[in-house]
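Residue numbers (the numbering used here), protein chains in the order written: chain A, 83 to 248; chain B, 6 to 174.
Calculated from the structure, these hints are not laboratory results.
If you're wondering where the values come from, they're calculated on a predicted model, not measured in any experiment.
By construction, the Cβ of each residue, glycine as well, lies at the ideal position given by its N, Cα and C atoms.
Fair warning: there could be bad hints in the mix.
For lysine to aspartate or glutamate, the following EDC-like pairs were computed, each having C-alpha atoms within a straight-line distance of at most 16 Å [stated by the list, open to error]:
1. Lys137(B) - Asp158(B)
2. Lys195(A) - Glu105(A)
3. Lys195(A) - Asp82(B)
4. Lys52(B) - Asp92(A)
5. Lys52(B) - Glu93(A)
Now the stretches of chain A that chain B is said to cover, found in silico as 3 or more residues with beta-carbon under 8 Å [claimed, not checked]:
6. 95 to 105
7. 136 to 147
8. 172 to 182
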Amino acid sequence: MNPLQRLMSDEVSLLGFTISDAESLSLALEATAAVRALRLEIVSGVVSVELLEASIHQLLGAFEIRKSFPWDTQLAAIAVAVCNWQCEFAERFLNQLSAVSAAEMPLSPKVAKIVLRRRAQAMPPVSIKQFRFAKIDGAQQATPIFVPAQTSSMQAVDTRTSEANC
Amino acid sequence: MFALPTLVGTQPQPLPLFTQRFSKIDNVQEVAPSSACIAMFANMVGKHPSWVTRKPPTGVYNCAGLVWANRRTAIQDAAAWQLILSDDGYRRVNLQQVEVGDIGIYSLVGLNRLTHVGLVVRIDQLQQGGAKIPWLLSKFGNTGGEVMHHFNDWPQAEMYSLSFWTERP
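Isolated chain B (complex conformation) (with noise of 0.2 Å):
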């Protein structure tokens, strides 16, 4: 049944990658976006006018890969993402206190199970000391862009909950 994927499948590529405590990092670079993934994406793209978008669809790195590899990889195991959270010092921060360099952990509701991870861009404020909201810089999947968007302004919001984690003192 899946004797091509098989047989001429490009094998996943890792690069060395570690957090700051020098645990080992799973990673593998992702190939190039395929035309009908360059379509979905833009068709998600069509659906959030307020969304930002800074690089069109690409392979090689994920949403983890994006604000923990430098663009280089994909992170894709959320048990790795926990590593890094524990091993980089990372700690949890309520909304006001999230701050522009700072992360947001996208999970799903009720089963905690990390699914997306974006970085922190911009802080609007409506008033001085008002709620502040945040927004965030998104790679899509392991092949679809780079967004800024609301961090409210999710597809399928009603299944996540959001988390701001920051590694400051």
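Here chain A stands alone, though its shape is the one from the complex (with noise of 0.2 Å):
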């Protein structure tokens, strides 16, 4: 089924209608099925990269200077779906969208803001992968300690544990 289809149901669009607010609305699509089969959809490969682009492009179409778009839940949609897929695809279509401050489109945008704040919170913290072992004078046994070789703000991490984690 083209992705779309599902996010023109009334479940969907009916919230453009009933909730402003952007966090809100993104909760609400959270809890939709159109979303969380979407999601299913992406994790299980029958929604490619390729359909998803061309699905958003054909919503895009409708777009009418100083007109409301009318896709604008659906825009949304997509975004809460694409929430923990870690792939070029996504980030760029959350980071473009969120970049997007126009009247036209005045939820989607903020929705993916949010969405771009919650993959932050929920990716693994900073990992450095350059250090350079001190040497302790008089030291008896090898005990590495991990040095940043960088910055003194960035936290020093054992990159076996934190790639491991990805």
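Hints given; two lone chains; assemble the complex.
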């Protein structure tokens, strides 16, 4: 099934009329069957990047200057659906959508910003892959001490652990 | 991907808007509804035979703009709504205390997130001293119309809880 068909349902469309706040909209979309199904289809590979990108282009074909964009809620739904999808397309889609500042699309860019914030919170902490080993005078046993090779504000992390988490 | 809205989209226009305590309220005037939005609104209204449409789909304001900005602009952020409730001296009332002119606020069940506000414009009572049945005047979204509706006659009602608020002493 084309992912757009489910997103065009009343379940999603009505939220654009009954919810004005982006944070609330993102939470309500999260709970819809349409968004959960799209997320599953993305994970299982039924919906590919190409199909999703084509669907977004199809939606954007309805954009008119100084007229409300009719698929603002649907774009917000896609943003919520790709929240946990770690790929170049999802990152690009969310970043570009969140950068839009147009009265025609009042909610989806805000939802994209919220999703980006959630992604950032869900990501593992900063990991540093370059280390130098400090030499300790008089040390009997070689105990590695990791010292960050870059700025002091960065946190030293054992790369073996952080890579295992990726 | 979003070159068109980025390059030619209309820049959001806010109005100077403040609470009674001079806290600034973020707002933006909405653009006119597209034909697809008008059709979606008509589809929704068609599923609620008891609704009374006061005004066809329009831009400029949303539900909060109807209640708190005299239909001049849209107040989209629920945090701004909370600020207005606090700065303008609103308090919660129960169903039996509701009067015309009070407001009803819908929230997502279990999440306490404000989603919609409407103005109480009529109160029915089946008998003297009986349970009050408020009717709200609501503006739907950024591009819907204005509708008068029974407080429980709301799309996807199971998702929302409703509370009533007043600024009366």
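*Of the hints given before, which are not true for this structure?*
none
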